[in-house]
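Trainee: Listed here are the chains, written in short residue letters.
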Amino acid sequence: MIFVRSFLLLLTLQLAGEAIARGFALPVPGPVFGMAFLFILFRARPQMVERLRPAITALLGLLSLLFVPAGVGVMANLELLSAGWFAISVALVASTLLAILASVATFLAVQRLQGQLGQ
Amino acid sequence: MKNLNDITDIWSYLSARPLLWLTATLAAYAFADWCSARVARKPWANPVLLSVLLIAPVLSFSGTDYATYFEGAQFIHFLLGPATVALALPLNDNMETIRRAKASLLAALFVGSVVAATSAILIAKLLGLPDVVVLSLAPKSTTAPVALGISEALGGLPTLTATLVILTGIIGAITITPLMDALGIRDWRARGFAVGVAAHGIGTARAFQVNPVAGAYAGIGMALNAVLTSFLVPVLVGWL
Numbered sequence: 001m002i003f004v005r006s007f008l009l010l011l012t013l014q015l016a017g018e019a020i021a022r023g024f025a026l027p028v029p030g031p032v033f034g035m036a037f038l039f040i041l042f043r044a045r046p047q048m049v050e051r052l053r054p055a056i057t058a059l060l061g062l063l064s065l066l067f068v069p070a071g072v073g074v075m076a077n078l079e080l081l082s083a084g085w086f087a088i089s090v091a092l093v094a095s096t097l098l099a100i101l102a103s104v105a106t107f108l109a110v111q112r113l114q115g116q117l118g119q
Numbered sequence: 001m002k003n004l005n006d007i008t009d010i011w012s013y014l015s016a017r018p019l020l021w022l023t024a025t026l027a028a029y030a031f032a033d034w035c036s037a038r039v040a041r042k043p044w045a046n047p048v049l050l051s052v053l054l055i056a057p058v059l060s061f062s063g064t065d066y067a068t069y070f071e072g073a074q075f076i077h078f079l080l081g082p083a084t085v086a087l088a089l090p091l092n093d094n095m096e097t098i099r100r101a102k103a104s105l106l107a108a109l110f111v112g113s114v115v116a117a118t119s120a121i122l123i124a125k126l127l128g129l130p131d132v133v134v135l136s137l138a139p140k141s142t143t144a145p146v147a148l149g150i151s152e153a154l155g156g157l158p159t160l161t162a163t164l165v166i167l168t169g170i171i172g173a174i175t176i177t178p179l180m181d182a183l184g185i186r187d188w189r190a191r192g193f194a195v196g197v198a199a200h201g202i203g204t205a206r207a208f209q210v211n212p213v214a215g216a217y218a219g220i221g222m223a224l225n226a227v228l229t230s231f232l233v234p235v236l237v238g239w240l
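Taken in order, these protein sequences are the chains called Z and S.
Quick note on numbering: this note's numbering labels position 10 of the first sequence as 10, and the sequence is numbered without any gaps.
Quick note on numbering: this note's numbering labels position 2 of the second sequence as 2, and the sequence is numbered without any gaps.
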């Protein structure tokens, strides 16, 4: 029953998130609100953490699998993709690498700055 | 010839039903994950990429369209929602370290998110891609459900965005380990957070494969970027 109850809680929080996102016409998707609600719940009721851990660990262990159906969607867009495959590849690879490098560099720079200020 | 007819009948019955493609998706993933484990989780053996490479040719040879496939695969796709909610657990587990690094995290989030969207838009425009592709590309670093909503609101093609989001995730997941190793960056927090911001859930899944701290930070990066991108990309698209 622990898996059923855990899943029920995840779905209920997602449902609440979707209702709020729709209700207020917000650009942020429902599951992101659901995550915020679960986080608040964990802070308010720490005993919930260990109760939910087995189900959540199982679900997050499958994270890669969950992207496969959307990934197969590549075949639905083959025409657009093959027409601009070179430009799209360059844009995707370059922007992803730039974003990783910019993010890592910023993280380390702020850490170093704080270290210097702290001393 | 009766037998042959029976087989075609059975095939045309099964191939139009959810069970076959749901089973095929799980089978492809089980095989892809086995291959990935066999080569010690090398970055190029990405299980999402391998699964897609296994399934797409089967669909195209059997003349099955994506809508039919998705009727089965939607049961898996659906779990992305509860999995996003579940990311509150690694967030909660790592709250103390996050609190200590919050200035670095917020700065890295903002810079990473702006660079991801801006560089993608500018490169796509420079290389002459049509506007509809540029708009579909702009939110590609954020998690699939968020990116689809943004793309739709901007006038892009949500199905194209889904593909570009997945490709971005695979690119990030494959390149992060060799890139960081080559640069000698060993801070798991920085590595994980960056791949979560730039390559959402697929990058996060990769980070969990490599190191639990990196995985937790990737989950945080992905979650925060989902919120930031929703506000940022519509503004950036207007400016650029």
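Keep in mind that the hints were calculated from the coordinates and are not lab data.
Built from N, CA and C at the ideal position, the CB exists for glycine as well.
A few of these clues could be false.
Unchecked claim - Covered stretches of chain S (chain Z as the covering partner; in silico rule of three or more C-beta atoms under 8 Å from a C-beta of chain Z):
1) 10-20
2) 70-84
Stated by the list, open to error - Residues from chain S that keep clear of chain Z, each with C-beta distances beyond 12 Å, as calculated:
3) I7
4) V39
5) K42
6) W44
7) K125
8) G155
9) F193
10) N211
11) G238
What the hints assert, rightly or not - Residues of chain S clear of chain Z, computed beta-carbon distances all greater than 12 Å:
12) A40
13) D93
14) R100
15) W239
Trainee: Now tell me if each hint is right for this structure.
Mentor: Structure-based check of each hint:
no.	hint	verdict
1	10-20	violated (count 0)
2	70-84	holds (count 11)
3	I7	holds (25 Å)
4	V39	holds (15 Å)
5	K42	holds (14 Å)
6	W44	holds (14 Å)
7	K125	violated (9 Å)
8	G155	holds (15 Å)
9	F193	violated (6 Å)
10	N211	holds (15 Å)
11	G238	holds (14 Å)
12	A40	holds (16 Å)
13	D93	violated (8 Å)
14	R100	violated (10 Å)
15	W239	holds (16 Å)
Checked against the numbered hints given earlier, the structure breaks hints 1, 7, 9, 13, 14 and satisfies all the rest.
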